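Below, each chain spelled out in residue letters.
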Amino acid sequence: MHADPKGVLTGVHFLDGDHACCEGTLAAGARFAAGYPITPSTEVVERFAWRIPTVGGIFIQMEDELAASIALQGAVWGGAKAFTVTSGPGFSLMMEHIGYAAITETPCVFVNVQRGGPSTGLPTLPAQADMMQAKWGSHGDYSIIALCPNSPQECFDLTVTGFNLAEEFRVPVMMMLDECVGHMTEKVVIPESDQIDITPRRFTHESPETFRLFKPREDLVPDMVKAGDGYKFHVTGLTHDERGYPSMNVETQDKLVRRMHDKLKPFSNGRALFEAVDLEDAEVVVVSYGITSRVAQRATQLARAKGIKAGIFRIISAWPFPEQHIKELAGRVKAFVVPELNLGQMVHEVERHTAGRAKVISVPHAGGSVHKPEVILNAILEAAR
Amino acid sequence: MSEAILDIPLDAGNPVEPFLRMDRMPHIWCPACGIGTTVNCFARALESSKLDLNKVAVVSGIGCTGRVAGYANLDSFHTTHGRAIPFATGLKLSNPELQVVVYSGDGDLFAIGGNHFIHAARRNMDIKVICVNNLTYAMTGGQTGPATPSEVISATSPYGVFEPSFNLVQLAEAAGASYVARWTTFHVKQLARSMEEMLHKKGFCFIEVLSPCPTLYQRRNKMGDGLDAMKFYKQVSKVRNGAPTSECSLSKAGEIVVGKFVDRDRPDYLELLTHQMHASLGNRYADPEITTCSEG
Amino acid sequence: MQRGINKLGLTEIRIAGFGGQGVILAAVVIGKAAAIFEGGYATMTQSFGPEARGGSSAAQVILSGEPILYPYVTQPDILVVMSQEAYSVFSPQLKPGGILIVEQELVRIEHPPQGVRFYGVPATRLAEELGKKVVLNIVMVGFFAAVTHMLDPDSLRQAVADSVPPAMQKLNLQAFDKGFEYGAELVHRMSEGGDAEQVLTLESEA
Numbered sequence: 001m002h003a004d005p006k007g008v009l010t011g012v013h014f015l016d017g018d019h020a021c022c023e024g025t026l027a028a029g030a031r032f033a034a035g036y037p038i039t040p041s042t043e044v045v046e047r048f049a050w051r052i053p054t055v056g057g058i059f060i061q062m063e064d065e066l067a068a069s070i071a072l073q074g075a076v077w078g079g080a081k082a083f084t085v086t087s088g089p090g091f092s093l094m095m096e097h098i099g100y101a102a103i104t105e106t107p108c109v110f111v112n113v114q115r116g117g118p119s120t121g122l123p124t125l126p127a128q129a130d131m132m133q134a135k136w137g138s139h140g141d142y143s144i145i146a147l148c149p150n151s152p153q154e155c156f157d158l159t160v161t162g163f164n165l166a167e168e169f170r171v172p173v174m175m176m177l178d179e180c181v182g183h184m185t186e187k188v189v190i191p192e193s194d195q196i197d198i199t200p201r202r203f204t205h206e207s208p209e210t211f212r213l214f215k216p217r218e219d220l221v222p223d224m225v226k227a228g229d230g231y232k233f234h235v236t237g238l239t240h241d242e243r244g245y246p247s248m249n250v251e252t253q254d255k256l257v258r259r260m261h262d263k264l265k266p267f268s269n270g271r272a273l274f275e276a277v278d279l280e281d282a283e284v285v286v287v288s289y290g291i292t293s294r295v296a297q298r299a300t301q302l303a304r305a306k307g308i309k310a311g312i313f314r315i316i317s318a319w320p321f322p323e324q325h326i327k328e329l330a331g332r333v334k335a336f337v338v339p340e341l342n343l344g345q346m347v348h349e350v351e352r353h354t355a356g357r358a359k360v361i362s363v364p365h366a367g368g369s370v371h372k373p374e375v376i377l378n379a380i381l382e383a384a385r
Numbered sequence: 001m002s003e004a005i006l007d008i009p010l011d012a013g014n015p016v017e018p019f020l021r022m023d024r025m026p027h028i029w030c031p032a033c034g035i036g037t038t039v040n041c042f043a044r045a046l047e048s049s050k051l052d053l054n055k056v057a058v059v060s061g062i063g064c065t066g067r068v069a070g071y072a073n074l075d076s077f078h079t080t081h082g083r084a085i086p087f088a089t090g091l092k093l094s095n096p097e098l099q100v101v102v103y104s105g106d107g108d109l110f111a112i113g114g115n116h117f118i119h120a121a122r123r124n125m126d127i128k129v130i131c132v133n134n135l136t137y138a139m140t141g142g143q144t145g146p147a148t149p150s151e152v153i154s155a156t157s158p159y160g161v162f163e164p165s166f167n168l169v170q171l172a173e174a175a176g177a178s179y180v181a182r183w184t185t186f187h188v189k190q191l192a193r194s195m196e197e198m199l200h201k202k203g204f205c206f207i208e209v210l211s212p213c214p215t216l217y218q219r220r221n222k223m224g225d226g227l228d229a230m231k232f233y234k235q236v237s238k239v240r241n242g243a244p245t246s247e248c249s250l251s252k253a254g255e256i257v258v259g260k261f262v263d264r265d266r267p268d269y270l271e272l273l274t275h276q277m278h279a280s281l282g283n284r285y286a287d288p289e290i291t292t293c294s295e296g
Numbered sequence: 001m002q003r004g005i006n007k008l009g010l011t012e013i014r015i016a017g018f019g020g021q022g023v024i025l026a027a028v029v030i031g032k033a034a035a036i037f038e039g040g041y042a043t044m045t046q047s048f049g050p051e052a053r054g055g056s057s058a059a060q061v062i063l064s065g066e067p068i069l070y071p072y073v074t075q076p077d078i079l080v081v082m083s084q085e086a087y088s089v090f091s092p093q094l095k096p097g098g099i100l101i102v103e104q105e106l107v108r109i110e111h112p113p114q115g116v117r118f119y120g121v122p123a124t125r126l127a128e129e130l131g132k133k134v135v136l137n138i139v140m141v142g143f144f145a146a147v148t149h150m151l152d153p154d155s156l157r158q159a160v161a162d163s164v165p166p167a168m169q170k171l172n173l174q175a176f177d178k179g180f181e182y183g184a185e186l187v188h189r190m191s192e193g194g195d196a197e198q199v200l201t202l203e204s205e206a
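Chains as they are written, first to last, in the numbering used here: chain A, 1 to 385; chain B, 1 to 296; chain C, 1 to 206.
Simulated from the structure, these hints should not be mistaken for lab results. Since this is a predicted model, take the numbers as computed values, not measurements.
In silico DMTMM-like links for lysine to aspartate or glutamate, alpha-carbon gap of 25 Å or less:
(1) A:6 - C:162
(2) A:215 - A:241
(3) A:232 - B:47
Let the sequences and hints guide you as you build the complete structure.
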């Protein structure tokens with residue numbers, strides 16, 4: 001189905017990533033946002049608060065991130081497409097509700113504009129150090145989708161994609177911006193609404209008598225309902241059976257947790273989002289994401305100019321990790337170079353799936369700025385030796 | 001609609017069964033626990049309220065009272081610890097025709113969730129909050145909570161509680177609630193009536209129900225069993241409708257002032273929002289159409 | 001004189017001054033003109049962090065005919081300054097052979113930096129002549145357009161109109177023209193004075 005034109009600001013704009021992300025939420029059909037101000041993410045909800053009254057929806061500024069991250073889930077069960085936006089410290093506070101969204105299979109979007117940490121860290125400066133937190137930050141085994149835009153245009157495009165994936169798989173989707181992408185201003189083209197594909201919520205067609213809230217379809221994803229439609233359903237964060245009733249035994253736990261994990265398997269089998277640059281003949285592949293991928297591309301251009309066959313594997317969907325692609329590349333390249341604005345997070349995934357078949361060189365950066373292209377270039381040169 | 005009420009089978013053992021998920025019985029509450037009594041009153045209030053039960057949702061947090069959502073035969077949400085109110089806020093705003101009832105305990109609503117309580121009351125969010133106050137964290141074994149009175153022995157205050165407790169009704173009034181009442185599980189008729197009244201009241205409404213926890217609170221404090229609790233409530237309760245909430249604080253063995261303390265009309269959050277947007281944006285304001293559609 | 005972003009190599013611009021001078025808007029206008037109205041590429045970043053404190057404000061725009069990868073300005077080709085502090089902080093970073101544009105009544109330069117092209121404009125006074133001091137930033141943009149020859153003035157005028165509220169469009173366009181005319185006349189005088197090399201444009205880098 002196409003986007004509702006009411007929310008689509010068709011045209012060519014000069015926007016920063018945060019504002020473009022907001023336009024993405026509106027184009028995707030989000031009509032409810034709950035937020036709490038925190039630099040450098042606040043612009044997303046500031047724009048939403050400005051835009052939504054003329055589009056038809058609600059923004060509420062909650063008392064804290066705990067409230068924002070659960071209010072949005074109440075809105076989803078009331079029938080809305082909803083999201084919240086935060087950064088570092090707020091993302092930490094939201095962890096419990098990412099777990100709640102995972103176990104209740106609540107389709108929703110969390111935008112995290114990453115800044116330097118830990119703790120209050122560098123409120124106004126970039127990092128990419130919440131990547132593991134996005135996957136592992138809430139307790140227990142669960143799976144989420146995380147997307148990493150590297151430009152304001154992608155902040156728009158991938159936010160729409162994120163909402164669509166949330167509906168398709170019934171998972172919380174993490175939009176993992178970084179301060180640099182969030183605050184940089186570039187041209188953003190917003191297409192006509194009939195050029196934007198929207199994944200509608202899959203509401204059940206079953207009658208209330210036969211409906212089971214967590215009975216999966218073949219793709220392991222159950223159908224949705226919303227409150228007020230007569231289903232009298234029960235949603236709980238406890239381990240539950242297909243009816244949604246708490247059932248705390250080994251069998252139910254195994255069945256539920258495995259299903260919630262397995263439903264994202266398509267992501268490891270062809271659905272992963274990535275960009276490949278010059279990989280055909282590449283001997284050294286720079287694996288990067290977000291703003292770092294742009295610096296990496298400059299570095300590989302410099303490397304190519306020196307005669308080194310360097311290419312880029314840009315991770316767009318960071319979680320589930322695109323392991324299939326890394327495994328395949330590991331069999332034919334000499335080395336991976338992994339620059340990140342952290343002291344080495346996704347590089348562990350690269351190492352794991354490379355399994356010793358290629359050299360893996362981490363290019364860490366504690367955050368606060370981006371790598372100098374020369375730093376990545378030096379790692380490429382080292383890798384090529 | 002009231003079909004559900006009219007549909008009560010003639011051979012039903014209990015008239016509140018249609019309001020409960022009977023396939024989940026027996027419930028987990030201890031013998032003589034007061035939570036079930038409050039649920040009974042709630043079922044009767046729903047029945048007499050004539051509300052369309054398809055449009056009533058219950059949201060609970062975590063704890064013994066948090067389990068109410070699981071037994072109510074309504075759209076029901078058992079959320080995270082302390083966060084029933086913000087969840088209910090999102091639910092209500094996305095789907096305003098729902099009557100959203102938050103049903104949770106004193107620890108959940110006033111310690112971990114205390115911030116949400118005062119802010120929802122400040123906004124006059126149109127949700128109805130029922131707090132079953134058993135004066136302790138029961139699910140985890142009877143620890144001191146924000147409503148535990150001084151001198152009480154608890155699992156984490158083995159030498160007696162010394163920190164002051166909240167006066168919940170005063171807090172609710174000060175924060176801006178439109179409706180504030182307190183009853184005990186001894187006052188079943190009054191409680192059911194109060195709940196019904198609240199279901200028809202616009203804005204943020206709050207009912208505190210004092211409820212016995214014989215297993216943990218009373219045993220540790222040598223206060224007897226469930227029957228002793230009823231005798232105690234009967235003996236020390238004073239009905240004082242309209243009493244200043246500042247005079248309604250609780251102590252271990254002192255008077256329990258019950259009644260309806262606050263019943264005032266304030267515009268609720270959605271009214272305020274709509275008013276402000278119309279004033280600022282005129283006909284550019286688009287009424288919220290929040291619920292998403294499926295394909296086709 | 002050839003103009004247009006497609007002929008432009010990677011060009012780094014920094015604009016700096018006090019908070020309230022409209023530094024960010026000036027950068028937005030230049031970025032928009034390049035990216036939207038000339039179909040090129042522009043990446044604008046604002047300075048956050050310590051250098052943005054104490055009432056100062058700075059923005060960076062990178063312009064190019066090709067997609068821009070590295071988002072930050074490393075060594076600006078052009079520095080536009082509207083405060084003494086901004087001049088002291090940023091002028092040492094200007095690329096040799098680069099262009100320095102100053103609000104000449106707000107910035108006093110005792111030792112002009114060597115090896116750069118230097119242009120001064122009394123933008124605040126020109127803005128005051130239009131009755132609104134707040135448009136000094138757009139006067140600066142007009143002046144920038146005239147002395148750098150990088151972008152088509154019409155693109156910049158469109159970008160100005162697109163970046164201000166409708167009620168402010170006329171005033172801002174007047175401000176642009178005022179700055180542009182001042183700049184054009186200055187350039188003309190400099191070339192008359194036999195100093196034609198002073199008006200070398202960045203197009204040669206393309």
